[in-house]
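S.K.: Chain by chain, the residues run as shown.
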Amino acid sequence: MMDWLLAPFEYDFMQRAFLAALIVGGLCSTLGTYVVLRKLSFIGDGLAHASFAGIVIAYLRGGSFWIGAAIATIVTALGIGFVHRRANVSLDTAIGVLFTAAFALGVFLMSRSTRATLDLQSFLFGSILGVSRDDLFIVLGLGFIVALVIGALWRPLLYTSFDPVVAQASGIREGLVDNALLVILALTIIVSLQLVGIVLVAALLVTPAAAAAQLTKRFVPMMLLSATFGIFASVAGLYASFQLHAASGATIVLLATVIFFVALGISATRRRQRAA
Amino acid sequence: MNAVEVRDLHVRYDRVEALTGVSFDLPEGTALGIVGPNGSGKSTLLKTVAGLLLPSEGSVRVEGMAPRRLPPGTIGYVPQIEDVDWKFPVSVRDVVTMGRYPRVGPFARFSPADHEAVAHAIDALGLRDLADRHISELSGGQQQRTFVARAIAQQPKVLLLDEPTTGVDAATEEQLLELVRGLVGGGLPVLMTTHDLDRADEWFDRLIVVDRKILADGVPDEVLDSGAYAGIREHTHTHGHRR
Numbered sequence: 001m002m003d004w005l006l007a008p009f010e011y012d013f014m015q016r017a018f019l020a021a022l023i024v025g026g027l028c029s030t031l032g033t034y035v036v037l038r039k040l041s042f043i044g045d046g047l048a049h050a051s052f053a054g055i056v057i058a059y060l061r062g063g064s065f066w067i068g069a070a071i072a073t074i075v076t077a078l079g080i081g082f083v084h085r086r087a088n089v090s091l092d093t094a095i096g097v098l099f100t101a102a103f104a105l106g107v108f109l110m111s112r113s114t115r116a117t118l119d120l121q122s123f124l125f126g127s128i129l130g131v132s133r134d135d136l137f138i139v140l141g142l143g144f145i146v147a148l149v150i151g152a153l154w155r156p157l158l159y160t161s162f163d164p165v166v167a168q169a170s171g172i173r174e175g176l177v178d179n180a181l182l183v184i185l186a187l188t189i190i191v192s193l194q195l196v197g198i199v200l201v202a203a204l205l206v207t208p209a210a211a212a213a214q215l216t217k218r219f220v221p222m223m224l225l226s227a228t229f230g231i232f233a234s235v236a237g238l239y240a241s242f243q244l245h246a247a248s249g250a251t252i253v254l255l256a257t258v259i260f261f262v263a264l265g266i267s268a269t270r271r272r273q274r275a276a
Numbered sequence: 277m278n279a280v281e282v283r284d285l286h287v288r289y290d291r292v293e294a295l296t297g298v299s300f301d302l303p304e305g306t307a308l309g310i311v312g313p314n315g316s317g318k319s320t321l322l323k324t325v326a327g328l329l330l331p332s333e334g335s336v337r338v339e340g341m342a343p344r345r346l347p348p349g350t351i352g353y354v355p356q357i358e359d360v361d362w363k364f365p366v367s368v369r370d371v372v373t374m375g376r377y378p379r380v381g382p383f384a385r386f387s388p389a390d391h392e393a394v395a396h397a398i399d400a401l402g403l404r405d406l407a408d409r410h411i412s413e414l415s416g417g418q419q420q421r422t423f424v425a426r427a428i429a430q431q432p433k434v435l436l437l438d439e440p441t442t443g444v445d446a447a448t449e450e451q452l453l454e455l456v457r458g459l460v461g462g463g464l465p466v467l468m469t470t471h472d473l474d475r476a477d478e479w480f481d482r483l484i485v486v487d488r489k490i491l492a493d494g495v496p497d498e499v500l501d502s503g504a505y506a507g508i509r510e511h512t513h514t515h516g517h518r519r
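Protein chains in written order, with my numbering: chain H, 1 to 276; chain P, 277 to 519.
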């Protein structure tokens, strides 16, 4: 029994995956607090899809998927910020057009090569086997950068999320803060791709924070709760996926969803008690 | 020295000219009222002084500089309608605390002076008993006081208020009047739009009448006795909510 329980930890690749899950779960759900409060979940989903074009191009040219994904995602993130501010197109529409186009480009290029189709499908749904030693260092490095930026900018990020107009009037560089958020959002998504996959990463950004929002009306507790949920869902989900022989990303997201509905239930019960 | 200097200001939205050739000064320690009909460009004028809009022509100088080049925290701005998400997870104290954010650097902790400025602003607006309430649990007047308190906690060099008395209860209006006069007495320059002509002489040292351009500029009583006032009165009776 004990052997069965501890089995996942005996493999090097699983140890690396657990460490990656810890970082990815923490980052996504912490940043997710801003994503939920700013209603950016669609952008998170879109950025993840846009990364696919970069990954496929990098693969076909024999380059590192990290660099391909980073270029595609950051360029798209800043492009969206620009289009939103300058062009006469709603944000929804711009995202709907540009991100799906980038994803389609990735699928188009991939589908022309059988080998690519087999190798790249793991990015769509995540694969714990994919986390190499080098990958883990990159996850750690990028994770550190994202954590540093959140640490430096959490106050201006909070102010511009709540009241961008007055924040700007009072001298906070709103455009700079917005772009910084988009870039760290892009980095977080890239870091999460191997474990959770393109299709499911948005859930890890949104679901833990949405669950936390059900339970508290204050910002800092919301962020801490969200991080707790995100880390728990990622690590426990990864463990369950090993035992159940299931895809890691899907298991993690399903577990996060269960947490969300439990939080929803608690919040509804509280409201009913207050009304009674 | 003038805290605000506006020279031959033109502001265009697309092709419509919202302000055309506006010039005025706001000296330190002065409350300057801006009156005019709806759509006269009052809010546009305030937003341009706040650096939220850029002049198409002419110039705005605040403390001798273009608004967007000012050190963070210089301008305190309270917009007419706070278009915020009332479900956002912040209490009254959290919102007032944001007033200090422009002055606090990355990674820096709040200093005793920061905490004191927040506490002082909460007291000055009579919000102490409401400080831990969530913003969705406030009345309109309490919400307005919270946003004014945030601007006060910022300790700005210039305070811009866009119709702060519209839609608030009489007690809040009285509180705001007392607060503004106290701040002006302490040397703060205040620029404020209003619909309330009846009490203009209590609020302001000077009054300007704006309808895309400046129609009158002077001591409140004189401005209101001049012909410019009559024209505005027609408008505010039809569009505004003058008491």
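Derived by calculation from the structure, the hints in this document are not laboratory data.
This one's a predicted model, so the numbers in the text were calculated from it and none came from an experiment.
Ideal placement from N, C-alpha and C gives every residue a C-beta, glycine not left out.
Heads up, a few of these hints could be off.
To be verified - In silico lysine-lysine, DSS-like type, Cα no more than 25 Å apart, as pairs: (1) H:Lys39 / P:Lys363; (2) H:Lys39 / H:Lys217; (3) H:Lys217 / P:Lys489.
Unchecked claim - Sample of chain P residues lacking proximity to chain H, with all beta carbon distances greater than 12 Å (derived): (4) Asp284; (5) Val292; (6) Ala326; (7) Pro355; (8) Thr373; (9) Asp408; (10) Ser412; (11) Gln430; (12) Asp474; (13) Gly494; (14) Glu498.
S.K.: Mind listing which of the numbered hints don't hold for this structure, in increasing order?
M.R.: 3, 6, 7, 8, 9, 10, 11
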